[in-house]
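Take the two lone chains, each set in its own frame, and fit them into one complex as the hints suggest.
Which chain is which? The protein sequence lines are D and L, in order.
The first sequence stops at residue 117 when you use my numbering, and every number in between is there.
The second sequence stops at residue 445 when you use my numbering, and every number in between is there.
Rather than coming from a laboratory, the hints here were simulated on the basis of the structure.
No residue lacks a Cβ here, since even glycine has one placed at the ideal position from N, Cα and C.
Any given hint could be a false lead.
Partial pick of chain L residues on the chain D-facing surface, computed with a CB cut under 10 Å [said to hold, decoys possible]:
no. : residue
1   : S121
2   : G149
3   : V154
4   : E167
5   : R221
6   : G337
Now the in silico label distances, taken between C-beta atoms and shown as ranges [claimed, not checked]:
no. : chain 1 : residue 1 : chain 2 : residue 2 : range
7   : D       : V39       : L       : N224      : 48 to 58 Å
8   : L       : A327      : D       : V39       : 30 to 40 Å
9   : D       : N95       : L       : F183      : 34 to 44 Å
10  : D       : R104      : L       : R162      : 45 to 55 Å
11  : L       : R378      : D       : E5        : 16 to 26 Å
12  : L       : Q352      : D       : A18       : 51 to 61 Å
13  : L       : R260      : D       : Q98       : 16 to 26 Å
14  : L       : S294      : D       : E65       : 49 to 59 Å
15  : D       : D32       : L       : R317      : 48 to 58 Å
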Amino acid sequence: MADTEMREPTFLVLTALANGRKHGYALIREADELSEGRVTLKVGTLYAALDRLGQQGLVAEAGEEVVDGRLRRYYKLTDDGAELLEREVTRLESNAGQARARLRLRPVSMQVAGGWA
Amino acid sequence: MGVSTILEHQYRRTLRWYPSSWRAEHEDAVIGTLLDVAEGENRSRPRLGEQLNLAANGLLTRIGIFLPAGVRDGVAAVALATGAAFATVYFVFMDWAPWTAAWRATNRATFLPSSHDFGPFVNPGVVLCALWVLGFLLAVLGRYRITRIFMVMAILASLAIPVVSQLPFAGWVSPSSTNLGFLGLLAALSLVGTPPSRIRLVVGTGIALAALVAIYAQNGVFGRFYMGDRYFWWQIAGSTNLGQLLVAGFLVAIGFGLAGRGVTAAVIAISTLPWAAAWLVGVVVNDRTGVSTIGGAALLIAGFVAVSIAVLKRSGFEIVIRRRDDSR
Numbered sequence: 001m002a003d004t005e006m007r008e009p010t011f012l013v014l015t016a017l018a019n020g021r022k023h024g025y026a027l028i029r030e031a032d033e034l035s036e037g038r039v040t041l042k043v044g045t046l047y048a049a050l051d052r053l054g055q056q057g058l059v060a061e062a063g064e065e066v067v068d069g070r071l072r073r074y075y076k077l078t079d080d081g082a083e084l085l086e087r088e089v090t091r092l093e094s095n096a097g098q099a100r101a102r103l104r105l106r107p108v109s110m111q112v113a114g115g116w117a
Numbered sequence: 118m119g120v121s122t123i124l125e126h127q128y129r130r131t132l133r134w135y136p137s138s139w140r141a142e143h144e145d146a147v148i149g150t151l152l153d154v155a156e157g158e159n160r161s162r163p164r165l166g167e168q169l170n171l172a173a174n175g176l177l178t179r180i181g182i183f184l185p186a187g188v189r190d191g192v193a194a195v196a197l198a199t200g201a202a203f204a205t206v207y208f209v210f211m212d213w214a215p216w217t218a219a220w221r222a223t224n225r226a227t228f229l230p231s232s233h234d235f236g237p238f239v240n241p242g243v244v245l246c247a248l249w250v251l252g253f254l255l256a257v258l259g260r261y262r263i264t265r266i267f268m269v270m271a272i273l274a275s276l277a278i279p280v281v282s283q284l285p286f287a288g289w290v291s292p293s294s295t296n297l298g299f300l301g302l303l304a305a306l307s308l309v310g311t312p313p314s315r316i317r318l319v320v321g322t323g324i325a326l327a328a329l330v331a332i333y334a335q336n337g338v339f340g341r342f343y344m345g346d347r348y349f350w351w352q353i354a355g356s357t358n359l360g361q362l363l364v365a366g367f368l369v370a371i372g373f374g375l376a377g378r379g380v381t382a383a384v385i386a387i388s389t390l391p392w393a394a395a396w397l398v399g400v401v402v403n404d405r406t407g408v409s410t411i412g413g414a415a416l417l418i419a420g421f422v423a424v425s426i427a428v429l430k431r432s433g434f435e436i437v438i439r440r441r442d443d444s445r
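If we strip away everything but chain L, and leave its shape as in the complex, we get (with noise of 0.2 Å):
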């Protein structure tokens, strides 16, 4: 087998990536351009870059088929202004919070005998909030593929910082499933599109980070006492007000599927995925009898059956169901 077939074997395997629909259409175009670009470069081999980028690009064509691309724009346009207005205001008032350093200090025996501080800081969620606000910056600044590159590592943070926490040489407090969970699943949805506007993506952030400072002063954070890192969900984004919340949003979306807006709609109800998932884990954990857990899980799952079938019904789809034809 000569080089170039070799080479064109394994460009063939990396685009398996992509889905069979859009290989039959463009395959062995792409396939033409990479010989040519490795040929102009005069290597035998693909690059490691090259590859990771005709994967990262297969993905988002499969998740396309499902998603335009200005849902998926859209989605990332969210998650990174409110991922970015979320890490901020975590680490300071709730990483950080100076303010609560003498009372915690003078409690911490008491109530966590065996942990300490990580470093300054409460806990070392602080690594995951400076991922997403320098991710954020560079996304601000234009720099999409570097943000990237920070949103995976957000992720791979968000798992990895409750194991680490637990080893012997650490002894750190973990910051609470549902923030890592959240800044998670966000930084995830970051990942599925561009942001349209940079001048958006900064006055949505700006938006939503001076709502949450308002809220977390409103609420009282400010005082000497800490409030521990799970406050922002027990107490402002409890079950209740995070339910009536989903609620709104789920009326919101349907009226601009209802409208004839259907990206705006789908954009909607994708972008609530996260708090939907903090709100259901909230539920879980609250539940005695599980009948709050089925009733919730059955409440998201027929608000996004209902946004769905609105958004598909507004872009001309029918939903049809007949009867199966069984003399053929």
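Next up, chain D with everything else stripped away, as it sits in the complex (with noise of 0.2 Å):
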């Protein structure tokens, strides 16, 4: 996974999961919060994400239990998967500091001009 970019959606999972385990649902709604309304997770496309990130050791099954007669699995981030998030996270602090510092370095004259356009 190292050589190849997270997608969003599996951002939102990782992230979602790193401060405890959480059923289906849960991660659903988290997916929504965190991304601002920008990403709604649907059910097949977060399944197919759980069981991907499942067969790459990143998140874990965390035990079920039924609620008003529906079975909620939880899922949990494992070790590997908080690595990789670090590392992502890292990744995009970098990116935003360097568009940051970019940006503090624009000319005022271009910056002027902007505002005119």
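Given below as structure tokens:
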């Protein structure tokens, strides 16, 4: 996974699991909240992502319970998953820092021209 | 039967797109999540988009039993890069070719008296090319879901264009079936996975595009004569050239398989499929005796079997032929 880019749904699922185990519906709601409503995971997409992340050893099943007659299966982040998420966060922070630094160096004349445009 | 029970029944029916082994393990948990989502949205019916999403993921899970995710993603990336490059080159050289416009206008009455151009283009293949290029650009932007919609539309277009072209109001010359089938097959392969890296997708497409442009230019396609939209398959990728390329592809795949690079070997072997289909069509069309067709098909099957055995053996599988024990 190190040489491939992390897609946003994967990033959101891993982030949602970072503070503890969660079941499917909770993951969908958290992804929605974390992305400020931009990403609404469909159930099929979520379980495909969980399947794939499970095969890669990044998430693992973490128990089940039955609530109102419905099975809730919980998932948790593995150590490998946490490490990968940490690396991705560092990469994103580095990119954001570079962008911020370059914006600060933007010539004033361009900012004025942009303001008039 | 209560509303929730009816909804659950409908969801269970939709989940039949998934393989039974997957359903046995996950169905109850997925149903629970689907019902939670429906309840959260105050719905008593499944959404169409939700059902299509489950159907698509179910089919991909079925394919995933035979092909691991890494292979599917690699195949999708190669198909997208190849298709985008081929569609772009086809559009510029075969469908638009403005440098041949004068020659085409003069000679149309002689060669194709009962047909006419598709606006400024030679044929309606431009629609298929546009779907391909837009789908590719969306993939580069990371919008894979919309790319998939464009690829499904490309498959439908490759089937519909020959039919629509024959309708009385149309009267266009359809792109050749080899070009349509080739782009249709590539679109189908692009649906089996998601390219693992957008940068590599762009680089791969650039290389394919440069190679195709160089080959076309070297073969004099920039001349004032229009070569016909089958030119690529007759001249550049004729049966002999393409056959040699396929054999080389199989050998490379076997090499990777024997070196323990099973995923790469499988990606190469599967990615040759559209080329192999085009080659077989060429062999069948030019075959007078049937010998070439049978020989060609045997060669292809032997190639795939060899690659499959190499990949399976390297992946830790054992192929055993044993006498059946009838005493049981």
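Checked hints:
Checking S121(L) against chain D: minimum C-beta separation of about 9 Å stays under 10 Å; hint holds. With a least beta-carbon distance of about 4 Å to chain D, the hint placing G149(L) at the interface is held under the 10 Å criterion. Interface restraint check: V154(L) against chain D, minimum CB-CB distance 6 Å, threshold 10 Å, status holds. Hint status for E167(L): holds, given a least beta-carbon distance of 6 Å to chain D, under 10 Å.
Restraint check, R221(L) versus chain D: the minimum CB separation of about 44 Å is more than 10 Å; hint violated. Checking G337(L) against chain D: minimum C-beta separation of about 41 Å lies over 10 Å; hint violated. The supplied range of 48 to 58 Å is met by V39(D) and N224(L), whose beta-carbon atoms lie about 55 Å from each other. Look at A327(L) against V39(D): about 36 Å separates their beta carbons, and that is inside 30 to 40 Å.
Here the CB-CB span from N95(D) to F183(L) is close to 38 Å, well matched to the stated 34 to 44 Å. With their beta carbons about 53 Å apart, R104(D) and R162(L) fall inside the hinted range of 45 to 55 Å. Taking the beta carbon of each, R378(L) and E5(D) are about 22 Å apart, inside 16 to 26 Å as hinted. Taking the beta carbon of each, Q352(L) and A18(D) are about 58 Å apart, inside 51 to 61 Å as hinted.
Checked against the hint of 16 to 26 Å, the C-beta distance between R260(L) and Q98(D) comes to roughly 24 Å, which is consistent with it. Between S294(L) and E65(D) the beta carbon distance is about 56 Å. The supplied range of 49 to 59 Å therefore holds. In this structure the hint that D32(D) and R317(L) lie 48 to 58 Å apart at CB is violated, the actual value being about 31 Å.
Going through the hint list in order, the structure does not satisfy hints 5, 6, 15.
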